[in-house]
Amino acid sequence: MDPTGQMVLANRLADGQVVFLATDGSWVEDIARGALARDAVAAQRLLADAQLAESRNVVVEPYLIDIRDAAGRRQPVAFREAIRAAGPTVRTDLEG
Amino acid sequence: MYRYDEFDHTLVAERVATFRRQVARRLSGDLSEDQFKPLRLMNGLYLQLHAYMLRVNIPYGCLSSRQLRQLAFIARRYDRNFGHFTTRQNIQYNWIKLDETPDVLAALAAVEMNAMQSSGNCVRNITADQFAGRAQDEIEDPRPWCELIRQWSILHPEFSYLPRKFKIAVSGAPQDRAAVKLHDVGLYLRPNGAGVIGFEVIVGGGQGRLPYVGHTIREWLAKEDLLSYLEAILRIYNLGGRRDNPQKARIKVQVNALGAEEFRRLVDEEWEQIRFTPQLTVPRAEIERITAYFADPAWEQLTDASATVARQRSADPAFDVWNRANVVAHRRPGYAIVNLSLKAPGIAPGDLTADQMDKVAELTDRFSLGELRVSHRQNLVFPDVQQVDLQALWQALQGVSLATPNIGTLTDIIACPGLDFCALANARAIPVAQDIGRHFTDVAALQDIGELTINISGCMNACGHHHVGHIGILGVEKNGLEFYQLTLGGSSGEDASLGDRLGRSISAAEVPVAIEAIVTRYKALREGEERFLDTYRRVGLEPFKEAVYGQNPPRRQAVA
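Residue numbers (my numbering), protein chains in the order written: chain X, 1 to 96; chain E, 97 to 656.
FYI, nobody ran anything at the bench for these hints, they're computed from the structure. Don't take each hint at face value.
[Stated by the list, open to error] Have a look at the derived ranges for each label pair, beta carbon to beta carbon: (1) X:Val28 x E:Asp538: 25 to 31 Å; (2) X:Thr92 x E:Asp233: 56 to 62 Å; (3) X:Thr92 x E:Glu102: 54 to 60 Å; (4) X:Gln51 x E:Asn341: 25 to 31 Å; (5) X:Val28 x E:Asn341: 57 to 63 Å.
[As the list claims (entries may be wrong)] Partial list, derived from the structure: chain X residues whose beta carbon lies under 8 Å from chain E: (6) Asp15; (7) Gln17; (8) Val41; (9) Arg68; (10) Ala71; (11) Gly72; (12) Ile83.
Ideal placement from N, C-alpha and C gives every residue a C-beta, glycine not left out.
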């Protein structure tokens with residue numbers, strides 16, 4: 001399925017939590033609240049903002065991921081990124 | 097067990113204090129990630145898919161009940177109530193916060209544990225036979241030598257920046273339970289022709305993308321020469337190992353490029369230069385001091401209680417099955433070695449919850465003289481259980497789901513964390529292990545199949561030892577989907593061998609069906625008491641290939 005856009009994903013420096021860059025420049029844990037870039041120019045702008053946050057030691061290793069629409073919900077296209085966004089598929093009995 | 101002396105306490109405490117300062121400087125921005133990453137790795141802290149992961153050393157797999165209680169406390173206070181035992185006899189926490197890591201390290205130091213050199217291009221945790229000091233077939237206890245190597249290799253100034261990581265394993269028994277031949281250096285304690293015990297030295301074994309079984313470069317090495325000979329090996333590797341390509345930087349590549357003979361010549365040449373260096377000659381008194389820590393525990397004077405156990409077994413078939421699979425003969429009359437399976441159906445191999453840890457610690461004190469072991473097959477071991485206590489222990493273990501009678505059977509699976517946790521993985525490993533565990537639940541059928549190891553890795557780095565599983569399973573990624581390649585005929589024992597690839601990769605859903613087909617074919621082909629591995633070595637790949645991919649291949653719907 002073709003992607004509908006791109007988002008920036010990273011680990012938060014202090015606790016390693018997976019976070020998404022939001023439109024107001026904050027970093028959020030909920031993929032639905034992150035900023036979705038719908039074209040390449042917007043995506044590069046998002047990435048530049050993320051790299052600034054990285055240089056300010058807010059997050060680690062930010063990068064763009066492709067997002068598709070799955071029945072009205074945002075879903076990373078790549079399997080690896082889907083697991084990063086949703087958490088492990090095992091040990092769901094022991095959520096923190 | 098070894099106990100820290102004043103020097104160990106000071107070293108570890110200073111290391112915790114240093115890392116606390118380094119974390120503060122990272123959080124304040126004084127250190128960049130590029131500057132900080134090698135520092136955190138030297139303290140066992142990785143950044144994985146979802147969070148930081150901390151790998152804690154369990155030296156040669158030996159733990160006390162007190163240490164296990166502290167591991168439970170850490171799991172509860174700083175993680176998500178569980179830990180994962182690894183193929184290097186270590187424990188990993190998957191949800192550690194960077195800003196809390198110094199506190200975790202301090203909590204570990206309080207019970208004489210640390211995470212030093214559990215990552216990075218240095219000598220890693222020394223591993224050993226999990227039955228060390230207790231096995232009936234043992235020639236000599238490897239633990240004092242493991243401890244000596246640990247002390248020599250920790251913060252060794254010359255070997256802190258090797259071309260790549262370096263793994264050493266030691267076994268003192270003819271039956272290899274420690275995958276010795278798959279290590280950068282493997283050591284077997286062996287007698288020479290005169291009956292004097294020394295070391296057979298094996299180099300260049302390893303798994304990963306380029307798997308090799310190690311080569312013996314010295315049939316027998318005197319014990320007093322151990323450190324100087326290891327120093328010579330490490331020095332030849334440190335100087336000549338490749339640093340241009342991480343995939344080719346392990347000693348196995350150097351040994352196989354030079355040839356074992358030439359590598360041996362280089363080592364011997366170096367060794368002649370350094371073998372009488374005073375700091376590499378360990379005084380006999382020091383060896384005796386270390387060995388004293390591993391003296392026999394306060395065993396009671398007992399007589400063999402096999403007859404009592406036999407009566408209990410005949411009265412209770414489930415107890416009988418557990419004994420057959422999980423209990424091993426002890427060298428001391430009246431005692432037994434007990435394996436605690438961390439492979440209950442549907443459970444992630446090697447995982448233990450904080451509550452289970454506390455219960456196991458309590459049972460360790462009650463039944464096993466306060467000490468337990470971790471095996472490289474991701475199980476726990478009680479080394480000193482009185483035979484007359486076996487039934488009570490079995491009943492207690494059932495209450496915490498640790499009495500699954502499957503040690504050495506095909507559901508006693510090694511699995512790496514895979515794509516559920518690991519940043520390097522291409523595919524998941526744990527769900528595949530869980531599916532196989534749920535597929536093969538008939539205990540009688542498992543025991544009929546007999547000894548059969550399944551090892552699963554989520555990528556070519558082979559942390560799940562897939563190359564040396566009797567059946568190996570390697571996760572690969574194709575067009576965004578997970579697939580699995582099967583190999584047959586691997587072994588990590590004294591008859592070590594690398595598995596042969598069966599054929600095209602299959603989906604996760606097809607794996608249990610394929611395993612079933614392989615097992616069914618094995619049962620049809622086996623002769624007498626042949627294990628799966630024996631049958632495979634006799635008949636080769638073709639019958640199994642036909643069983644899995646033949647005209648009516650077992651196949652379910654592939655899923656993403």
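Q) Which earlier hints turn out false for this structure, listed by number in ascending order? A) Numbers 1, 2, 3, 5, 8, 9, 10 and 11, in rising order.
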